[in-house]
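S.K.: All chains should be modelled from the sequences, with the hints used to inform the complete structure.
Protein chains in written order, with full-length UniProt numbering: chain A, 1 to 171; chain B, 1 to 504.
Treat the hints loosely; a few may be bogus.
To be verified - Restricting the straight-line Cα-Cα distance to at most 30 angstroms, the calculated cross-link-like pairs of lysine-lysine (DSSO-like) are:
{"id": "1", "chain 1": "B", "residue 1": "296", "chain 2": "A", "residue 2": "166"}
{"id": "2", "chain 1": "A", "residue 1": "133", "chain 2": "B", "residue 2": "147"}
{"id": "3", "chain 1": "B", "residue 1": "309", "chain 2": "B", "residue 2": "147"}
{"id": "4", "chain 1": "B", "residue 1": "293", "chain 2": "B", "residue 2": "353"}
{"id": "5", "chain 1": "B", "residue 1": "296", "chain 2": "B", "residue 2": "41"}
{"id": "6", "chain 1": "B", "residue 1": "487", "chain 2": "A", "residue 2": "166"}
{"id": "7", "chain 1": "A", "residue 1": "133", "chain 2": "B", "residue 2": "486"}
{"id": "8", "chain 1": "A", "residue 1": "87", "chain 2": "B", "residue 2": "353"}
{"id": "9", "chain 1": "B", "residue 1": "362", "chain 2": "A", "residue 2": "133"}
As the list claims (entries may be wrong) - If you anchor each label on the Cβ, the simulated ranges turn out as follows:
{"id": "10", "chain 1": "A", "residue 1": "36", "chain 2": "B", "residue 2": "340", "range": "31 to 39 angstroms"}
{"id": "11", "chain 1": "B", "residue 1": "288", "chain 2": "A", "residue 2": "65", "range": "42 to 50 angstroms"}
{"id": "12", "chain 1": "B", "residue 1": "255", "chain 2": "A", "residue 2": "65", "range": "57 to 65 angstroms"}
Stated by the list, open to error - Going by beta-carbon spacing under 7 angstroms, a handful of chain B positions derived as facing chain A:
{"id": "13", "residue": "91"}
{"id": "14", "residue": "94"}
{"id": "15", "residue": "98"}
{"id": "16", "residue": "104"}
{"id": "17", "residue": "125"}
{"id": "18", "residue": "132"}
{"id": "19", "residue": "134"}
{"id": "20", "residue": "217"}
{"id": "21", "residue": "218"}
{"id": "22", "residue": "450"}
{"id": "23", "residue": "455"}
{"id": "24", "residue": "490"}
{"id": "25", "residue": "497"}
Worth flagging that the hints you see were computed from the coordinates, not collected in a lab.
For every residue, glycine included, the Cβ atom is placed at its ideal position computed from N, Cα and C.
Spelled out, the chains give:
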Amino acid sequence: MENFTNETIDTSQLPKFEEVQFTVLHPNYWKVTLISCFILIVFICSGMLLGLIFIKEFSEFQSELMSLTIVLIVLILLFSRIAFRKKRFAFRNHDVLFRHGIIATNTIVIPYNRIQHVALHEGLVSRYFGLAKIEIFTAGGSASNIEIPGIEKEQAENIKQLLMGKIQKQL
Amino acid sequence: MSTDFSQPQRQSVVGILVLFFYSLQQYGRALWPIIVIWIFKFDEVNKMYLLLGGILVFVAIAVVSYLKYLNFTFFLDTINEEFIITEGVFNKTKTAIQLDKIQQVNINQSFVQRLIGVYELDVDTAGTNKKEGAIKAISHELALELKSRLLQNEVKKSTSEAEESHFGKSIEKQLEEEHPFIKISFLSLLKIGITSNYGRSISLLLLFLITVSDYIKKITGRDVFHDENIENYVDKNLVIQTFFIFIILLLSTVLVINLVRIVFKYYDYNITRQKGSLLLSFGLLNTKSTIIKPEKVQITTVTSNYFQKKMNILELKIRQATSGEKEERKSAIEIPGCSVSESDAILQLLFRKIPKKGVMLKPNFRKLGFSLFLSIGLPLSGFGAFGYWVMPVVFEYGYLVPIYIILVGFVQFFRFKNSRLFIDDHFIIKQSGAWDISNEIIEPTKIQAITTSQLFWHKNLNIGSITLHTAGGEISFQLGNFTTIKKYVNLWLYEIETSNSNWM
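M.R.: Laid out in structure tokens, this is it:
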């Protein structure tokens with residue numbers, strides 16, 4: 001299978017998607033993630049506290065519950081950090097690439113001429129930091145859509161414009 | 001005559017009422033347990049608080065719907081030819097839809113909307129099955145006008161399409177004479193009936209038996225399967241004989257059910273050519289008919305098993321791209337019981353050439369290990385743990401464990417052995433299955449997006465997975481040689497991006 005040949009194209013000369021320089025998400029997006037983690041942690045802790053106060057049986061396992069909560073919090077933070085670090089994107093001339101995943105490295109590529117439409121989301125917290133999320137839709141169902149969070153609002157607007165331009169040119 | 005859609009517009013003012021009712025409905029659905037509790041404890045709760053709370057909730061919803069109304073705007077960007085919807089109070093979303101990409105614009109009216117006298121306008125593209133853009137409250141004239149403006153490009157497109165089809169006609173006519181139609185004979189249906197869907201029929205039968213025995217138990221108060229009387233009737237020598245008779249009976253029932261089902265569903269299956277499309281009609285009681293347009297075909301699956309191969313028979317499944325409802329999208333068109341030559345004729349029609357199996361990719365042996373772990377390791381350790389800590393009684397059925405291991409082991413081994421990806425210049429064929437071996441055929445031009453995936457401990461082994469997304473579903477191949485996979489991904493991307501091929 002290694003000596004695949006093709007009369008017209010030299011496959012080894014094709015641009016390689018795996019060698020593309022990816023852009024990392026905006027550092028402020030980590031703050032956004034931290035805030036949503038914090039809200040989650042507050043919920044977990046208050047649940048735990050309520051349990052300790054109102055359910056008598058729980059007080060016997062006080063230390064176990066405490067350590068469980070701490071482990072949970074550490075895991076949440078750790079995985080959020082890894083997920084944040086591993087999310088990255090790239091826009092090439094003809095396609096958009098997005099890389100994500102904690103234990104697996106997933107790379108999804110969408111050629112511009114397969115994009116159906118684009119949406120720009122601004123969450124409450126993200127807006128405070130001037131960030132936006134771009135969602136790119138194809139006809140291939142939800143598994144083949146890309147969501148790129150943590151892009152500066154202005155840049156996101158530009159990217160959206162660029163994508164819309166690219167879609168149009170293809171037709 | 002024309003309203004200016006190029007400036008951001010709000011919905012009809014009365015639309016606030018629609019939004020209010022929809023929000024009310026939404027919160028009502030989310031909060032119904034609390035509401036139910038309130039109703040039941042109506043006497044205990046201070047009525048003053050209840051009233052105040054109710055008013056507060058209503059006011060809050062009213063404010064929210066007013067804000068939603070204020071923040072919802074839509075407009076047509078005439079320069080970039082796109083339709084833009086902005087929505088959301090706290091979390092803002094801006095959806096931009098290229099006018100060319102709009103497939104359908106629907107104007108609907110729900111009960112609430114009818115009461116208020118407004119309409120709903122839905123914009124649908126070929127993308128995800130949910131509506132891409134929906135305007136909840138718009139007057140009828142405005143809706144009609146917007147619809148015509150949104151679909152202006154559609155008219156242009158369809159005229160050019162008509163011209164194209166005119167050109168292609170002379171070639172098609174020649175082909176038409178070669179393949180007038182295919183008719184699936186009763187014999188083929190019988191063959192398919194006795195060779196396919198064992199799993200489904202057996203599970204249906206088991207379900208039936210369990211229901212019947214349950215029913216008898218309820219009526220007579222006796223357990224059919226553990227009845228002492230039956231054991232007394234049966235002589236010890238006869239036990240094995242009855243067991244075999246039972247098995248044979250079971251198998252023949254499965255076969256008969258299968259046969260009847262297949263014959264009822266697919267009786268008189270006719271395939272006709274019509275202007276380059278395939279026209280299918282089938283059914284004994286109610287005749288169904290469907291059209292397959294070759295350019296809309298996304299995934300074609302050819303399935304056959306050992307017996308079917310011996311009888312020169314196979315099943316075809318065709319998935320088309322649809323922008324319609326979810327059910328329509330999921331369902332595939334089935335052509336049961338073609339001979340190899342007939343299926344080749346159909347494939348020839350769909351692809352203009354017969355798909356070839358090109359370069360072969362094999363999965364790494366770790367794929368077998370992982371699926372054995374999932375299907376044998378996990379269930380058995382679950383069984384062990386359950387028996388050890390909860391109910392030691394289950395160990396009495398321990399003799400089933402080796403049978404399970406052998407059975408599942410065989411299935412997983414054949415599944416691994418048959419898992420292949422064939423790559424040709426014009427076709428990608430994925431082979432899979434343990435007993436029923438299916439070949440999923442797609443053309444590289446139908447690919448919408450490509451996902452590659454690699455676990456970090458597979459990096460040094462250089463193995464990884466690939467998923468090809470099409471508008472009719474996706475096909476994926478696990479743990480192949482990652483260098484080869486990446487090479488083909490680059491090639492396919494190049495092919496997709498350099499041509500403006502029509503995938504639908």
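S.K.: Against this structure, judge whether each hint is valid.
M.R.: Okay, the hints, checked on the actual structure:
no.	hint	result
1	296/B x 166/A	holds (24 angstroms)
2	133/A x 147/B	holds (29 angstroms)
3	309/B x 147/B	violated (53 angstroms)
4	293/B x 353/B	holds (16 angstroms)
5	296/B x 41/B	violated (58 angstroms)
6	487/B x 166/A	holds (25 angstroms)
7	133/A x 486/B	holds (28 angstroms)
8	87/A x 353/B	violated (42 angstroms)
9	362/B x 133/A	violated (38 angstroms)
10	36/A x 340/B: 31 to 39 angstroms	violated (57 angstroms)
11	288/B x 65/A: 42 to 50 angstroms	violated (60 angstroms)
12	255/B x 65/A: 57 to 65 angstroms	holds (58 angstroms)
13	91	holds (5 angstroms)
14	94	holds (4 angstroms)
15	98	holds (5 angstroms)
16	104	violated (13 angstroms)
17	125	holds (5 angstroms)
18	132	holds (6 angstroms)
19	134	violated (13 angstroms)
20	217	violated (40 angstroms)
21	218	violated (40 angstroms)
22	450	holds (5 angstroms)
23	455	holds (5 angstroms)
24	490	holds (5 angstroms)
25	497	holds (4 angstroms)
Violated hints, in rising order: 3, 5, 8, 9, 10, 11, 16, 19, 20, 21; the structure is consistent with all others.
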